[in-house]
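These are the residues of each chain, in order.
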Amino acid sequence: GAVVSQHPSRVICKSGTSVKIECRSLDFQATTMFWYRQFPKQSLMLMATSNEGSKATYEQGVEKDKFLINHASLTLSTLTVTSAHPEDSSFYICSARDEGTGEKLFFGSGTQLSVL
Amino acid sequence: GENVEQHPSTLSVQEGDSAVIKCTYSDSASNYFPWYKQELGKGPQLIIDIRSNVGEKKDQRIAVTLNKTAKHFSLHITETQPEDSAVYFCAAILTGGGNKLTFGTGTQLKVEL
Chain A
1 GAVVSQHPSR
11 VICKSGTSVK
21 IECRSLDFQA
31 TTMFWYRQFP
41 KQSLMLMATS
51 NEGSKATYEQ
61 GVEKDKFLIN
71 HASLTLSTLT
81 VTSAHPEDSS
91 FYICSARDEG
101 TGEKLFFGSG
111 TQLSVL
Chain B
117 GENVEQHPST
127 LSVQEGDSAV
137 IKCTYSDSAS
147 NYFPWYKQEL
157 GKGPQLIIDI
167 RSNVGEKKDQ
177 RIAVTLNKTA
187 KHFSLHITET
197 QPEDSAVYFC
207 AAILTGGGNK
217 LTFGTGTQLK
227 VEL
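Going line by line, the protein sequences match chains A and B.
Each step along the first sequence adds one to the number in the numbering used here, with nothing skipped, and position 39 is 39.
Each step along the second sequence adds one to the number in the numbering used here, with nothing skipped, and position 97 is 213.
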């Protein structure tokens with residue numbers, strides 16, 4: 001299947017700092033990417049839809065100024081957690097749809113964020 | 117919107133036995149149903165999917181069945197192995213437009229030796 005690369009896999013930061021997570025589609029172009037958050041032993045919660053060349057669409061309850069999304073190219077979307085606090089600690093996962101195969105959605109390996 | 121329920125939440129089987137995970141969905145218009153396997157600390161991996169115009173699909177030890185009338189779909193894993201131990205998520209979507217994938221709550225599968 002298609003490969004989605006996500007970096008970093010793990011990050012530990014101090015409260016108040018910002019953290020950037022990158023999501024790349026390695027062998028396909030993705031006009032749309034998705035960002036999820038996952039708490040331990042829970043399902044994936046969609047945070048926002050990242051659209052290449054336009055503003056991201058955020059789900060209800062997700063602060064767009066807190067979670068900045070940029071989708072500057074057809075293969076790269078970034079999620080920046082601004083002024084991170086301990087409650088932002090979570091597993092963040094990106095995904096991308098390989099439009100060449102239709103509806104198939106492929107996921108990155110996830111980023112475990114720990115805010116001290 | 118779509119709502120997906122998944123059962124059981126945990127499933128323990130002996131190596132070599134079969135495992136079945138069931139999901140129900142609410143939106144009869146949904147037409148694509150993928151299954152994902154997630155190992156600890158990793159992202160979900162697409163293992164099999166099925167479209168609504170097909171009743172069953174098989175890939176080696178994994179199969180998915182779909183009952184459109186009842187709005188049920190199931191994952192079947194035969195001859196389970198320890199490496200099958202993971203969390204499995206079902207999902208449903210009406211493809212096209214801005215529709216989003218809706219995930220089930222997950223099943224923790226443990227294959228015991």
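Please note that the accuracy of each hint is not assured.
[Stated by the list, open to error] Footprint (simulated), chain B over chain A, 3 or more residues, beta carbon under 8 Å:
id, stretch
1, 39-52
2, 71-85
[Stated by the list, open to error] Estimated spans, in silico, between C-beta atoms of each pair:
id, chain 1, residue 1, chain 2, residue 2, range
3, B, Asp175, A, Gly53, 21 to 27 Å
4, B, Thr185, A, Asn70, 23 to 29 Å
5, B, Gln161, A, Glu63, 26 to 32 Å
6, B, Thr185, A, Lys20, 25 to 31 Å
7, B, Glu121, A, Gln60, 33 to 39 Å
8, A, Lys41, B, Asn119, 27 to 33 Å
[Said to hold, decoys possible] Some chain B residues flagged as far from chain A (calculated, every beta-carbon gap over 10 Å):
id, residue
9, Asp143
10, Asp165
11, Lys173
12, Thr181
13, Asn183
14, Glu199
15, Leu217
16, Gly222
17, Gln224
Honestly, the hints are just simulated from the structure, not real lab data.
In this text, a Cβ means the ideal position worked out from N, Cα and C, and glycines have one as well.
Consistency of the hints with the structure:
| no. | hint | result |
| --- | --- | --- |
| 1 | 39-52 | holds (count 6) |
| 2 | 71-85 | violated (count 0) |
| 3 | B:Asp175 / A:Gly53: 21 to 27 Å | 36 Å, violated |
| 4 | B:Thr185 / A:Asn70: 23 to 29 Å | 44 Å, violated |
| 5 | B:Gln161 / A:Glu63: 26 to 32 Å | 30 Å, holds |
| 6 | B:Thr185 / A:Lys20: 25 to 31 Å | 47 Å, violated |
| 7 | B:Glu121 / A:Gln60: 33 to 39 Å | 21 Å, violated |
| 8 | A:Lys41 / B:Asn119: 27 to 33 Å | 20 Å, violated |
| 9 | Asp143 | 15 Å, holds |
| 10 | Asp165 | 7 Å, violated |
| 11 | Lys173 | 13 Å, holds |
| 12 | Thr181 | 19 Å, holds |
| 13 | Asn183 | 20 Å, holds |
| 14 | Glu199 | 18 Å, holds |
| 15 | Leu217 | 6 Å, violated |
| 16 | Gly222 | 5 Å, violated |
| 17 | Gln224 | 8 Å, violated |
Hint compliance for this structure: hints 2, 3, 4, 6, 7, 8, 10, 15, 16, 17 are not met, and every other hint is.
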